[in-house]
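2 protein chains.
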Amino acid sequence: MARATTAAKNNALATIASALEQDITVLKEANARDCAQAQEKALDAAFIDRLTLSDAALRTMIAGLRQVLSLPDPIGEISELKSRPSGIQVGRMRVPLGVIGIIYEARPNVTIDAAALCLKAGNAVILRGGSEALNSNLALARSISSGLAAAGLPADAVQVVATADRAAVGKLATMTEYIDVLVPRGGKSLIERLMREARVPMIKHLDGVCHVYVDSAADLTKALAVCDNAKTQRYGTCNTMETLLVAASIAATVLPPLCRLYQDKAVALRVCARSRTVLEQAGIASLADATEADWRAEYLAPILAIRIVDDLDAAIDHINTYGSAHTDAIVTEHYDHAQRFLREVDSASVLVNASTRFADGFEYGLGAEIGISNDKLHARGPVGLEGLTSLKYIVLGHGEGRR
Amino acid sequence: MARATTAAKNNALATIASALEQDITVLKEANARDCAQAQEKALDAAFIDRLTLSDAALRTMIAGLRQVLSLPDPIGEISELKSRPSGIQVGRMRVPLGVIGIIYEARPNVTIDAAALCLKAGNAVILRGGSEALNSNLALARSISSGLAAAGLPADAVQVVATADRAAVGKLATMTEYIDVLVPRGGKSLIERLMREARVPMIKHLDGVCHVYVDSAADLTKALAVCDNAKTQRYGTCNTMETLLVAASIAATVLPPLCRLYQDKAVALRVCARSRTVLEQAGIASLADATEADWRAEYLAPILAIRIVDDLDAAIDHINTYGSAHTDAIVTEHYDHAQRFLREVDSASVLVNASTRFADGFEYGLGAEIGISNDKLHARGPVGLEGLTSLKYIVLGHGEGRR
Numbered sequence: 128m129a130r131a132t133t134a135a136k137n138n139a140l141a142t143i144a145s146a147l148e149q150d151i152t153v154l155k156e157a158n159a160r161d162c163a164q165a166q167e168k169a170l171d172a173a174f175i176d177r178l179t180l181s182d183a184a185l186r187t188m189i190a191g192l193r194q195v196l197s198l199p200d201p202i203g204e205i206s207e208l209k210s211r212p213s214g215i216q217v218g219r220m221r222v223p224l225g226v227i228g229i230i231y232e233a234r235p236n237v238t239i240d241a242a243a244l245c246l247k248a249g250n251a252v253i254l255r256g257g258s259e260a261l262n263s264n265l266a267l268a269r270s271i272s273s274g275l276a277a278a279g280l281p282a283d284a285v286q287v288v289a290t291a292d293r294a295a296v297g298k299l300a301t302m303t304e305y306i307d308v309l310v311p312r313g314g315k316s317l318i319e320r321l322m323r324e325a326r327v328p329m330i331k332h333l334d335g336v337c338h339v340y341v342d343s344a345a346d347l348t349k350a351l352a353v354c355d356n357a358k359t360q361r362y363g364t365c366n367t368m369e370t371l372l373v374a375a376s377i378a379a380t381v382l383p384p385l386c387r388l389y390q391d392k393a394v395a396l397r398v399c400a401r402s403r404t405v406l407e408q409a410g411i412a413s414l415a416d417a418t419e420a421d422w423r424a425e426y427l428a429p430i431l432a433i434r435i436v437d438d439l440d441a442a443i444d445h446i447n448t449y450g451s452a453h454t455d456a457i458v459t460e461h462y463d464h465a466q467r468f469l470r471e472v473d474s475a476s477v478l479v480n481a482s483t484r485f486a487d488g489f490e491y492g493l494g495a496e497i498g499i500s501n502d503k504l505h506a507r508g509p510v511g512l513e514g515l516t517s518l519k520y521i522v523l524g525h526g527e528g529r530r
Numbered sequence: 128m129a130r131a132t133t134a135a136k137n138n139a140l141a142t143i144a145s146a147l148e149q150d151i152t153v154l155k156e157a158n159a160r161d162c163a164q165a166q167e168k169a170l171d172a173a174f175i176d177r178l179t180l181s182d183a184a185l186r187t188m189i190a191g192l193r194q195v196l197s198l199p200d201p202i203g204e205i206s207e208l209k210s211r212p213s214g215i216q217v218g219r220m221r222v223p224l225g226v227i228g229i230i231y232e233a234r235p236n237v238t239i240d241a242a243a244l245c246l247k248a249g250n251a252v253i254l255r256g257g258s259e260a261l262n263s264n265l266a267l268a269r270s271i272s273s274g275l276a277a278a279g280l281p282a283d284a285v286q287v288v289a290t291a292d293r294a295a296v297g298k299l300a301t302m303t304e305y306i307d308v309l310v311p312r313g314g315k316s317l318i319e320r321l322m323r324e325a326r327v328p329m330i331k332h333l334d335g336v337c338h339v340y341v342d343s344a345a346d347l348t349k350a351l352a353v354c355d356n357a358k359t360q361r362y363g364t365c366n367t368m369e370t371l372l373v374a375a376s377i378a379a380t381v382l383p384p385l386c387r388l389y390q391d392k393a394v395a396l397r398v399c400a401r402s403r404t405v406l407e408q409a410g411i412a413s414l415a416d417a418t419e420a421d422w423r424a425e426y427l428a429p430i431l432a433i434r435i436v437d438d439l440d441a442a443i444d445h446i447n448t449y450g451s452a453h454t455d456a457i458v459t460e461h462y463d464h465a466q467r468f469l470r471e472v473d474s475a476s477v478l479v480n481a482s483t484r485f486a487d488g489f490e491y492g493l494g495a496e497i498g499i500s501n502d503k504l505h506a507r508g509p510v511g512l513e514g515l516t517s518l519k520y521i522v523l524g525h526g527e528g529r530r
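Chains as they are written, first to last, in this note's numbering: chain A, 128 to 530; chain B, 128 to 530.
Some hints here could point you the wrong way.
The list treats identical chains as interchangeable, and a pair is accepted whether it falls inside one copy or across any two copies.
As the list claims (entries may be wrong) - Here are the simulated DSBU-like pairs of lysine-lysine, each with C-alpha atoms no more than 35 Å apart in a straight line:
hint, residue 1, residue 2
1, K155, K209
2, K209, K298
3, K392, K298
4, K168, K315
5, K209, K392
6, K392, K155
7, K209, K168
8, K315, K298
No lab work stands behind these hints: they were computed from the structure.
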């Protein structure tokens, strides 16, 4: 895979798309078996919805393959090539990571999305989806293999773990001699389990406790727009704001209109004592008291914690203490406050005057994403093709030795 | 530390250098106690040599501080800032990693070198040197703290683990809530232990089984120069060649003069059967037979394994099978062979017509290095200041929300 040309990889993505189109009946049969079993187990409607390979879902998967096909190939790019006094030239070349393991829930669309990104970056991939989707994933893997073979690439470059045994996850996570990096996509309990068990390095997403801080020098219109969007554009996403911080000096101006807006959208508010005073003075009721646990909560729901802080320093302290190093925003017109927030908030994405919801591979222009990383090493924030590659040093010489 | 300006960090490095100069008597007293204990334990001369803070060693450490001072500050650099259709600008900012743990042998000079690099990159650092150097390291840490305080930076940004208890290493390696990355510098057994035990992500160097492949299209003069330098310029370094691979078609031309040169320098040769035939036909004797274990050996000594391979493919297969993904070179005048070797050899440093000995932070122009990484994630190859930093995303908006 590492030596595959861009043309060969793009051709493979196209033949996989065609194979999926051809195999549609077989794929839907396999998926129907998974869905029937899920219904027997009385799994909930949302679960079965994510599991189902509808015509629309298949079309989206096929469109996704063609979109990854259209992305620039990151592999082989040479950067920073410089001449050294010894006579050699030193630079860096972008190369595949090798074998990537993906662990994910019972969502067959991830099988195709993840495989496409890994292949485009020249990697082999081992997929372990939720056991409830095993028949679907095995059928998808057969279509992928036939597409790879038709394009002259190794048919086994994409493999699905062919067992529903949950012990396979732990095994996969310790196979350092076969797997270069693990990308777990799933709930917090899976990630926490892997953080204890895994020996293979991970690109992982733990949780998203995201903040907007409305600074003393905020523009009111921008504050309302950003805070509204960050909380209410979607509730269940990891980059949704979970705690709103407001500078004390501007709280009486910002909080009442903002909280009326939230209450109009049925967002439940959990507030600190100072916020309660400000809001009740403005005639706003139906407020719950925020506890210490609320500052650490990832609600993924129409609930918002609100805290008044003294100033920028207190806001940065709160975020670095209670946040999850995911995505945090400041609303301010103050040059130095913006600069300090950008530099001192230790999160994967830090925004000025923009909604936290922008922290996303597509919005950032990566073209696609395999996930969002809370880690500081290697890939941080939305992870696209580049995060699935490595930079090695190359040296071009003319027979030089070291003195 | 993360918010320290370049001036403050440079000032701290200068005041630490001054503090070391002032404290020289105290430092040498503490070190003398360590050396006396090492002599009582009958530790060998090389060990005590590395442990000793001679006047020359102290001068080198102080010069090292001033050299790190002169390096460009990587922190705060913004790259790839691009405007997106949504109206936001997205870019990446280079920021410190946070708290770095360094585990190393009883070499007090590493205490200063590692602290200097970590501080320059805006990190705090926890140092755990070999227990035999504890008094020296604690004395050095006091000088560092007084230098930091004099420069107005946190005096405890550099800390030495104040116990000789070996259990401290295992403890340090699992404190994910306090330490962002671990840089172990030591023997293979320490690294292997940490690979089993550590929960903190590591930037690590396991071993250096480095190759030179003399291609069928090699220039003889360059081949002799590169192979001589790669093996004999220094024997004990991780980027020294340990196995020489030669294309069958050129073996009779290259191997005899090269092996005469090695034998003149008392390098012991362990050869494959085909190499033996070629060499004995040229009248070269005193050859040992190479075994499978030799292909995996890191001799760090005047010993060289030699193998004749059929062609470039066989050479790449050998390196990717037996090597340690450290540093590998090809000698060739063939354009496509050079390109394929660069791309397909999966090592941290890949060289064309240059000695493996160049794989070094100073030779690569990094200014200094904290170590050489065999890992593929994050930092690969020689690790300088950049490897001690992280890239976060920054977004500059004007009140935008996501649609």
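Checking against the hints above, which ones are violated? As far as the earlier hints go, 1, 2, 3, 6 and 7 are violated by this structure, in ascending order.
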